[in-house]
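K.L.:
Given next are the chains, with one letter for each unit.
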Amino acid sequence: MSGLKLFFIFLKMGALAFGGGYTVVGLAKHEFVERKKLITSAEMIDFLTISQTLPGIMAVNFAAFLGNRLGGRTGGIAAVFGMIVPAVLAILLLANLITEAEHYPLLQRALTGVRIAVAVMILNILIIQAKTVLTLKRRWLIAGLTGMTLLFQTPPVIPLLTAGFIGWLFYRYKKDIF
Amino acid sequence: MPYLILFGHFFYIGLFAFGGGFAIIPFLQNLIDSYPDLSADDLSTIIALAEITPGAVGVNMATYTGYVLHRIWGSLIATFGLICPALIIVSTIAGFWKKIRRLAWFDSIFNAVKSAVIGLLSFVFLTLFIGIFQKNTNPTLNMAHMLLFLILCFFTLRFKLNPIYYIIGMGLIGTIIG
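Chains as they are written, first to last, in my numbering: chain A, 1 to 178; chain B, 1 to 178.
Accuracy of the hints is not assured; some may be wrong.
[As the list claims (entries may be wrong)] Using C-beta positions, here's what the derived DEER-type ranges look like:
no.	chain 1	residue 1	chain 2	residue 2	range
1	B	Pro139	A	Ser2	51 to 61 Å
2	B	Asp33	A	Leu89	22 to 32 Å
3	A	Leu161	B	Cys153	25 to 35 Å
[Claimed, not checked] Using 30 Å as the maximum straight-line C-alpha spacing, the simulated DSSO-like pairs for lysine-lysine come out as follows:
no.	chain 1	residue 1	chain 2	residue 2
4	A	Lys175	A	Lys131
5	A	Lys131	B	Lys99
6	B	Lys98	A	Lys37
7	A	Lys5	B	Lys160
8	A	Lys36	B	Lys160
9	A	Lys131	B	Lys160
Calculated directly from the structure, the hints in this document are not laboratory data.
For clarity, every value in this text was computed on a predicted model and none was experimentally measured.
By construction, the Cβ of each residue, glycine as well, lies at the ideal position given by its N, Cα and C atoms.
From just these sequences and the hints, can you work out the full model?
P.N.:
Structure, rendered in structure tokens:
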């Protein structure tokens with residue numbers, strides 16, 4: 001896919017990504033996995049996982065990976081810039097208009113609706129992940145333990161890297177894939 | 001020179017802020033200490049603005065902080081600084097991603113990390129879900145939100161809906177029912 005095309009697809013997704021970075025993941029899943037069938041859902045989970053594990057903003061990493069996969073190095077850069085242009089424009093437009101969103105009750109109500117939608121969307125992503133990844137008991141264990149450590153305000157990078165280390169140990173000593 | 005420092009600050013954040021957008025808040029708190037032009041009030045405005053504008057929360061925050069400090073150029077430089085590490089790191093990894101993904105030891109590590117990301121995303125989901133109901137004390141409204149959540153779950157699981165429609169739709173419904 002050409003860089004220009006990727007730029008515009010991500011521009012559209014960036015403009016509609018209300019509710020933060022995971023919305024980009026949900027929109028991309030619909031666009032590239034379900035509609036265009038250019039990547040598989042297993043690949044999408046790969047990109048989500050690596051984007052979450054690498055330093056930096058998850059959605060930026062995700063756009064860069066997806067862009068790279070579909071359009072090479074140029075594609076990666078085009079996807080990232082496409083995604084952030086609407087975000088930057090929106091902030092610049094609103095920066096002088098709105099100082100405290102709490103003073104706009106209608107906006108707050110709309111946000112509650114958006115939050116419900118984003119929660120449902122994340123649940124949909126989770127179901128696909130669970131179907132593809134959680135096929136073994138040991139993987140359920142890691143998922144559960146990660147969720148638990150986060151309840152104690154642990155920075156996410158700690159359980160992610162620990163899980164990676166466990167996966168390595170498992171391969172090294174059990175001679176099997178985790 | 002101040003632009004270069006600003007770029008450096010956000011490059012650093014892009015390199016060390018792991019995970020979702022809100023991970024950059026502690027870094028912004030550090031910025032308040034080093035820039036007298038930024039106040040704690042600005043921080044709450046940043047968070048509110050990031051929530052109502054589309055796009056990754058971290059990107060929104062960088063854009064607005066840059067804008068407060070050095071207007072348009074500041075916003076562009078801060079945003080670019082933030083995404084620079086991701087562009088460099090992902091372009092590098094994407095080059096050998098397919099090769100490394102096929103290796104058995106990497107597959108083992110990655111399966112464990114994938115499981116951990118499911119735990120992480122479940123935590124994100126729960127935080128968002130609980131937040132919707134914690135915000136108001138009106139039980140009828142909470143019931144309505146729960147009902148909307150369940151209806152939307154049913155529809156999204158049954159049909160492959162484009163998230164764009166239901167995110168915007170729920171925003172509109174939110175303004176009506178509150």
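K.L.:
Look at each hint and say if it fits the structure.
P.N.:
Right, here's what the structure says about each hint:
1. Checked against the hint of 51 to 61 Å, the pair Pro139 of chain B and Ser2 of chain A passes, with Cβ atoms roughly 53 Å apart.
2. Judged by the Cβ atoms, the range 22 to 32 Å given for Asp33 of chain B and Leu89 of chain A holds: they are separated by roughly 30 Å.
3. Range check, Leu161 of chain A to Cys153 of chain B: about 33 Å between beta-carbon atoms, so the 25 to 35 Å window is met.
4. Of the supplied pair hints, the one linking Lys175 of chain A and Lys131 of chain A holds, its CA atoms being roughly 25 Å apart against a limit of 30 Å.
5. With a CA separation close to 25 Å, the supplied pair Lys131 of chain A and Lys99 of chain B stays within the 30 Å bound.
6. For the given pair, Lys98 of chain B sits about 19 Å from Lys37 of chain A by alpha-carbon distance, which is consistent with the 30 Å threshold.
7. Straight-line distance between C-alpha atoms of Lys5 of chain A and Lys160 of chain B comes to about 24 Å, which keeps the hinted pair within the 30 Å bound.
8. For the proposed pair Lys36 of chain A and Lys160 of chain B, the alpha carbon gap of about 13 Å is at most 30 Å, so the pair holds.
9. Distance restraint check for Lys131 of chain A and Lys160 of chain B: the Cα-Cα separation of roughly 16 Å lies within the 30 Å cut-off, and the hinted pair is therefore satisfied.
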